[in-house]
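Chemist: Sequences listed follow chains F and R, in order.
Sequential numbering of the first sequence, starting at 1, is according to this note's numbering.
Sequential numbering of the second sequence, starting at 1, is according to this note's numbering.
Read the hints as simulated data drawn from the structure, not as lab findings.
Using N, Cα and C, we set each Cβ at its ideal position, and we do this for glycine too.
It is possible that part of the hints are untrue.
Quick list of simulated restraints, FRET-style, between CB atoms [what the hints assert, rightly or not]: (1) GLN51(R) / GLN59(F): 33 to 39 Å; (2) ARG14(R) / LEU42(F): 45 to 51 Å; (3) ARG97(R) / GLN59(F): 29 to 35 Å; (4) ASP156(F) / THR40(R): 20 to 26 Å; (5) LEU75(R) / GLY12(F): 36 to 42 Å; (6) GLN22(F) / VAL117(R): 47 to 53 Å; (7) ARG172(F) / GLN51(R): 56 to 62 Å; (8) LEU42(F) / GLN119(R): 41 to 47 Å; (9) ILE23(F) / THR40(R): 33 to 39 Å; (10) ALA164(F) / ASP50(R): 36 to 42 Å; (11) ARG165(F) / ARG14(R): 28 to 34 Å; (12) ALA164(F) / ARG14(R): 46 to 52 Å.
Below, a sample of chain F positions facing chain R; criterion: calculated Cβ distance under 10 Å [said to hold, decoys possible]: (13) VAL60; (14) LEU63; (15) ALA102; (16) ILE118.
Take a look at the letters that make up each chain.
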Amino acid sequence: LLAAVTAASELGVRVAFFAQTQIQSLPECLQRCSATQNPEGLKKITFSYPRTLEELLQQVASLHEFPCPPSLIIIDRLDGFLRGAVASRHAGFHSGDESRAAHLAALLCDTAAFLTEILEKRGSSSAPCRTIASFLSDADSGQESRDPSATDPILDVLDRYFQARCTLDQDRSYEAAAAAAQEAWHVYLSGTKIPDDLEDGPTLAQEWKLFIFPEGLMEFKCFSYSVLSETANTDLRFPLTVTSD
Amino acid sequence: MRTFLPAVAEQLFRDIQKIYEETTQIPDDLLIALKFVFGTCALQALDLVDQRSVTCLSSPSGRKAFQVIGGSGRLYTCFLSCHYCPCPAFTYTVLRRNQGLLCKHILAVYLCQAMAVTQQESISDQQMSAVL
């Protein structure tokens with residue numbers, strides 16, 4: 001949701017946001033964010049609430065019919081759509097889920113590629129079209145006992161289609177308490193390909209610490225990832241003002 | 001189709017395209033290379049090509065997709081820009097076992113494109129949404 005709000009308000013990018021659960025109001029940290037002070041920018045976000053995987057597939061497949069295509073497609077809790085597609089309601093994922101996950105991921109990939117072509121033909125500065133999906137694996141949702149060495153087969157399938165993965169691991173050490181935060185998370189990027197616009201600059205951050213405070217404030221602490229430059233730490237605190245290039 | 005293929009496979013399709021343009025045939029050395037790279041699905045894919053089983057669907061918005069008639073007569077929809085097929089072989093061999101690059105349907109698409117024998121069909125934008 002933060003990505004959608006930031007992209008729409010600060011970067012002027014049209015966003016298609018898909019979720020199963022209707023968003024009643026913005027989280028507190030976003031309400032105070034300068035990005036949400038621009039209601040015109042927020043109008044660039046189209047919220048859709050498909051109830052099932054089939055509805056989601058149909059809505060994503062129809063994006064090519066829109067006269068003003070989005071430049072950013074966001075799927076919130078992709079796992080919910082996939083889990084709900086299981087005919088018998090057992091916990092977790094079962095055979096056939098790999099194919100459903102691959103279908104959705106491939107459709108997102110193909111749709112983004114097509115919309116990129118359209119945006120580029122129109123000379124839009126919003127090209128390329130990108131996709132972001134959030135996913136809570138069974139291991140992290142507590143539905144299975146956590147085995148650190150086990151990989152989620154659905155995530156393995158999604159990794160075939162998504163270029164990068166941003167993982168959030170909750171830090172249960174005393175670091176949160178030391179920072180007077182409610183929660184601390186370790187956030188890091190991985191994947192087979194770093195997106196083109198992130199290849200420039202020797203001080204690219206690929207690892208962060210996220211602190212969430214009781215009043216709803218979020219703070220990101222970045223760690224640089226480069227062997228060519230000195231280590232640089234940059235603190236980002238929400239609400240914040242995001243500037244585009 | 002934007003490629004997710006290793007360089008050897010890409011070169012193989014370029015070679016097939018070039019030689020087929022000149023001779024309307026695929027020589028034995030390229031057929032052997034095809035089988036070496038793609039395994040048993042190579043011959044099955046060539047059967048699909050012979051039967052002209054691959055159609056490129058396009059709609060007024062410019063969106064395109066491939067539809068392949070499988071051996072059983074069932075229709076499989078494949079995407080332009082990445083590998084996906086709803087057939088059991090893709091799910092089992094490619095996704096679950098990671099033992100193959102692609103299924104015979106996707107390979108048939110590549111071969112038809114290289115040999116310029118893909119059928120063409122226009123459909124409405126709504127029909128395209130339903131197909132995808």
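Chemist: So, against the hints stated earlier in the document, which numbers end up violated here?
Modeler: Violated: hints 9 and 12.
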